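Trainee: Chains as they are written, first to last, in our numbering: chain A, 1 to 262; chain B, 1001 to 1183.
Heads up, a few of these hints could be off.
[Stated by the list, open to error] Label pairs and their calculated CB-CB ranges:
| id | chain 1 | residue 1 | chain 2 | residue 2 | range |
| --- | --- | --- | --- | --- | --- |
| 1 | A | P162 | B | K1064 | 25 to 33 Å |
| 2 | B | I1019 | A | L71 | 20 to 28 Å |
| 3 | B | R1053 | A | E173 | 54 to 62 Å |
| 4 | A | S252 | B | A1034 | 17 to 25 Å |
| 5 | B | K1042 | A | I168 | 41 to 49 Å |
| 6 | B | A1069 | A | L55 | 13 to 21 Å |
| 7 | A | E260 | B | A1034 | 30 to 38 Å |
| 8 | A | E173 | B | K1064 | 15 to 23 Å |
| 9 | A | S252 | B | A1069 | 14 to 22 Å |
| 10 | A | I168 | B | K1064 | 56 to 64 Å |
| 11 | A | R94 | B | I1059 | 38 to 46 Å |
| 12 | A | P160 | B | A1034 | 17 to 25 Å |
| 13 | A | A48 | B | I1059 | 22 to 30 Å |
[Said to hold, decoys possible] DMTMM-like, lysine to aspartate or glutamate: derived pairs with alpha carbons at most 25 Å apart:
| id | chain 1 | residue 1 | chain 2 | residue 2 |
| --- | --- | --- | --- | --- |
| 14 | A | K90 | B | E1060 |
| 15 | A | K60 | B | E1115 |
| 16 | B | K1064 | B | E1075 |
| 17 | A | K68 | B | E1126 |
| 18 | B | K1112 | B | E1097 |
| 19 | A | K90 | B | E1049 |
| 20 | A | K67 | B | E1075 |
| 21 | A | K67 | B | E1050 |
| 22 | B | K1112 | B | E1126 |
[As the list claims (entries may be wrong)] So the derived list for chain B, only partly shown, Cβ under 8 Å to chain A, looks like this:
| id | residue |
| --- | --- |
| 23 | H1016 |
| 24 | P1021 |
| 25 | L1026 |
| 26 | L1028 |
Because the hints were derived from the structure by calculation, they are not lab data.
Treat the numbers as computed from the prediction; the structure is a model and nothing was measured.
Virtual Cβ for every residue (Gly too), placed ideally from N, Cα, C.
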Amino acid sequence: MTGQTAVLAADVPFPPSVGDFYLPSIVPWGGHDSWFTKITLMLWLSVAILIIFFLVAYRKPQLVPDKKQWLAESIYGFVRNNIAVEMIGKEGVRFAPYLATLFSFIFMMNLWGIIPFFQISPNSHIAFPIILALISWVMFIYLGFKKHGIGYLKIALVPPAPWFILPILVPIEFFSNFIVRPFSLAIRLFANMFAGHMLLLVFTLGGFAMINANLWLAPVSVLSWLMTIALTFLDFAIIALQAYVFTVLTASYIQGSLAEGH
Amino acid sequence: MDSLIILAAEGGEAEHSPIIPLWQELVLGSIAFAIICFVLMKFVFPRMEETFRARVDAIEGGIKRAEVAQAEANELLEQYRAQLAEARTEAARIRDEARADAEGIRQDVLAKAREESDRIISAGREQLAAQRESIVRDLRSEVGTLAVDLASKIVGESLADEARSRGTVDRFISDLDATGGRR
Chain A
1 MTGQTAVLAA
11 DVPFPPSVGD
21 FYLPSIVPWG
31 GHDSWFTKIT
41 LMLWLSVAIL
51 IIFFLVAYRK
61 PQLVPDKKQW
71 LAESIYGFVR
81 NNIAVEMIGK
91 EGVRFAPYLA
101 TLFSFIFMMN
111 LWGIIPFFQI
121 SPNSHIAFPI
131 ILALISWVMF
141 IYLGFKKHGI
151 GYLKIALVPP
161 APWFILPILV
171 PIEFFSNFIV
181 RPFSLAIRLF
191 ANMFAGHMLL
201 LVFTLGGFAM
211 INANLWLAPV
221 SVLSWLMTIA
231 LTFLDFAIIA
241 LQAYVFTVLT
251 ASYIQGSLAE
261 GH
Chain B
1001 MDSLIILAAE
1011 GGEAEHSPII
1021 PLWQELVLGS
1031 IAFAIICFVL
1041 MKFVFPRMEE
1051 TFRARVDAIE
1061 GGIKRAEVAQ
1071 AEANELLEQY
1081 RAQLAEARTE
1091 AARIRDEARA
1101 DAEGIRQDVL
1111 AKAREESDRI
1121 ISAGREQLAA
1131 QRESIVRDLR
1141 SEVGTLAVDL
1151 ASKIVGESLA
1161 DEARSRGTVD
1171 RFISDLDATG
1181 GRR
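Just chain A, same shape as in the assembly:
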């Protein structure tokens, strides 16, 4: 927040740089210490908000739910039925609690990107997407070995193809299944949030830059700020979509590990 107010000062830096994503510590003695920043504050707020919301909404579950309970159940029911069961099948119910936690956590973390006065998602720092992607990666590999033993390697690496193509296919499969998957998961989420914040910065700071350069450009500045609002709506769609995509892909990898071969 301190960063934001600094940015709002008349002499704004333009164009925005990567440095704008790494704001100073929010404790006065912190300097550029990374333990207590706006980002970590939002991280803890996300955890607190989700835990409090779900615990309060589900303190006394009723057969006929009230509004809060209905909302909490809808979130879980959506992930359970439309992601877990749809992708994995009946067995998917087992993974629904994790997938629902993953979905709501990513969604909440992304949502900070458009909440006024915060307007940056912690997921625009790659550390968080990396953690989530690593968990998914370890999870689907573990499940594969648990289900098929060492035979999982054959299922994961050897596609049903003529033997003479296998020398090409096996390395490709290995590369795509065990190396690309976690990277693509992490980078997709990170890049979307990073770009979202970058766009908001460009149009907001651009407005200030133009109005500072020449007062005649004021109408263009206003247009630029209107674009910021429009982009905020676009960002919301991306926020929901990326949370959904991350969860669906994790579910799909789990399904691949549990499937009976090709």
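Fit chain B to the given chain A structure using the hints.
Mentor: Leaving out everything else, chain B in the frame of chain A:
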């Protein structure tokens, strides 16, 4: 990475490569995600599954109960229908019986009446015959007396004793009877 951060701190403006994670954030993120996973996966979502199950049970139980009630009602209806049909045949039977009884009673009464009338008629006939007999008997003696008296008057003397002593009149009448019977 540390050198990067130090460099950034020295430069004042933190220029950190965005695709290299901050290790502090890795630690904090892991802890935070572990906490949220623990709480939600242990205390919230399993209870939701329970609630879903309870709801399904409640709905299916309700449907089952309704089905049982429906079956019971159907059975009762069937029973009432059977009873009604039974009552109807019973009523018809009773009506038929009553009709038969009435017919029987009518026949009885008729027979009795006919018998009675026959009896009365025959009694009348007998009485009539008896009366005729007595009248004929009276007339016979009367006619005899009259004839003797008349003959006495004509002959001029009393024939009464004579006639009585000889049974003339009786003989005459018997002859009359005989000829009358022949005729």
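Trainee: Each hint needs a verdict: does it hold in this structure or not?
Mentor: We went through each hint and held it up to the structure:
no., hint, verdict
1, A:P162 / B:K1064: 25 to 33 Å, "violated, 57 Å"
2, B:I1019 / A:L71: 20 to 28 Å, "violated, 36 Å"
3, B:R1053 / A:E173: 54 to 62 Å, "violated, 40 Å"
4, A:S252 / B:A1034: 17 to 25 Å, "holds, 24 Å"
5, B:K1042 / A:I168: 41 to 49 Å, "holds, 46 Å"
6, B:A1069 / A:L55: 13 to 21 Å, "violated, 40 Å"
7, A:E260 / B:A1034: 30 to 38 Å, "holds, 32 Å"
8, A:E173 / B:K1064: 15 to 23 Å, "violated, 51 Å"
9, A:S252 / B:A1069: 14 to 22 Å, "violated, 46 Å"
10, A:I168 / B:K1064: 56 to 64 Å, "holds, 59 Å"
11, A:R94 / B:I1059: 38 to 46 Å, "violated, 24 Å"
12, A:P160 / B:A1034: 17 to 25 Å, "violated, 40 Å"
13, A:A48 / B:I1059: 22 to 30 Å, "violated, 36 Å"
14, A:K90 / B:E1060, "holds, 20 Å"
15, A:K60 / B:E1115, "violated, 98 Å"
16, B:K1064 / B:E1075, "holds, 16 Å"
17, A:K68 / B:E1126, "violated, 117 Å"
18, B:K1112 / B:E1097, "holds, 22 Å"
19, A:K90 / B:E1049, "holds, 14 Å"
20, A:K67 / B:E1075, "violated, 43 Å"
21, A:K67 / B:E1050, "holds, 19 Å"
22, B:K1112 / B:E1126, "holds, 21 Å"
23, H1016, "holds, 5 Å"
24, P1021, "holds, 4 Å"
25, L1026, "holds, 5 Å"
26, L1028, "holds, 5 Å"
The structure shown violates the earlier hints numbered 1, 2, 3, 6, 8, 9, 11, 12, 13, 15, 17 and 20.
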